Amino acid sequence: MKSTNPFALWRWEDLFQNFDHFGSGFLRTLQVAILALALSLVIGVIIGILSTAQNVILRSIARVYVEIFQNIPLVIQIFFMYNGLAMAGLVLSEFMIGVIGVGLYHGAYIGEVVRAGILSIPKGQQEAAYSQGFNYTQTMRYVILPQMVKSILPPLTNQAVNLIKNTSVLAIIAGADLMYAADSYASSSLNYGTSYVVAGLLYFILCFPLATFSRKYEEKLKKNDAMVVDIPEVME
Amino acid sequence: MIKLQNVNKYFGDHHVLKDINLEVAEGEKLVIIGPSGSGKSTTVRCMNFLEEPTSGEVYIEGNQLTAKNKLEMVRNSSAMVFQQFNLYPHMTVLGNLTIGPMKLQNKSKKEAEEIAYRYLDIVGLREKATAYPSTLSGGQQQRVAIARSLCSEKKIILFDEPTSALDPETVQEVLDVMIKLSSMNITMVVVTHEMGFAKQVADRVIFMDDGAILEVGPPEHFFENPTHERTKEFLSKILR
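Going down the list, the sequences are from chains X and S.
Heads up, the first sequence is in my numbering, so the first residue is 1 and it goes up one at a time.
Heads up, the second sequence is in my numbering, so the first residue is 1001 and it goes up one at a time.
Among these hints, one or two may not hold up.
To be verified - With a straight-line cut-off of 27 Å between C-alpha atoms, the simulated DSS-like cross-links for lysine-lysine are:
hint	chain 1	residue 1	chain 2	residue 2
1	X	123	S	1199
2	X	150	S	1068
3	S	1068	S	1199
4	S	1155	X	123
5	X	123	X	165
6	S	1155	X	150
7	S	1199	S	1155
To be verified - These stretches of chain S come out as covered by chain X in the derived footprint (C-beta under 8 Å, 3 or more residues):
hint	region
8	1069-1081
9	1099-1109
Hints in this document: simulated from the structure, not taken from any laboratory.
Everything numeric in this text was worked out from a predicted model, so none of it was measured.
For every residue, glycine included, the Cβ atom is placed at its ideal position computed from N, Cα and C.
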């Protein structure tokens, strides 16, 4: 008779025979994460620049965007895109919903990182650029953004870690991602314990190196007495 | 060249500039002195609209400077040297000197570098072309900043306390460069406490106090017989 221990050896054997589920889920998670990260970086830079603009309207647009996406649960945003938009006739694949949903959501957070980064550059830099005749866009492009890349790298990497973990919400709309693969294998085989442990490990493998890099890089910046952008962690 | 007409500036309730009227002639070297908080920095910053006057007008070469045309006017007419140098730390010295001419005056990289080296020679820092600003001393950084202001080859250079942030031993090297510039036909407006420099270079000195111009005259006037008590008091402190 088979052992009922949730981590019994036979359960591990069964899992590794079905490991291709996890493999394809892992790959899907990776794809969604990379594309969502690219999208959130583009949005984040735009929102960050808008939120430091002199124009009140531009600043307000950025503020509204950030507040909406930060203060509504990601799950609701995903459900809204999956069910709500579908009723309005806009049907997106689960994959696209993952990329766009997670991308828009983290764009708000990265926007805050970029904003803090821009504000961390001494005012004299903008004044110098202006006194030469550079306009706002040129000042951002040539003077401000290149300078803050280093200092915002640690909080940016933390955002990437959170983004990877948050792609797991796709499981609730059957997004074929790692969490969904683990969950569907678990419920069909009843090997819940092993399945979640393995899924957790696979997320860990993606996130831990990034988190470590972020921590090490921040220490290095601090040691060199460089500016470090301190952003309070406001994540679920 | 530069004309301020009834310029007033408020920061909130604080009346920083009180009805300033001032004309600077082409090629003139004007030195502005005064205690801190007297409005002298704000005055030069109004000349390129880094601060926009609350009321009054600023004219550059007869054209009124406005919020709308300021970028174009600044691009064509003036450069500024700051107390804190404000070099771009992510670029080399050469990068700092060429970015303006390349991006704003559409010069080729080669042209811009030729100009940059010409002015690096004038400030005596040719060998630092590939260095980053953070590796230079304060005096060297300010000399690079002066070279940067020269590279755009404008008629006006505004100096906002260019030696105030420097270690005493590096002040003179910067002043020497500025003295060198004074022989070129550039209109210089210099906020400084360096009366030695004023004596050597200035056509006129302005003493500002509490947001107003209290006294104007050639540098000798300030050394020999300043009129106002406030001026005497101030000079006795800085000439000590």
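What are the numbers of the hints that this structure violates, sorted from low to high?
Numbers 1, 2, 3, 5 and 6, in rising order.
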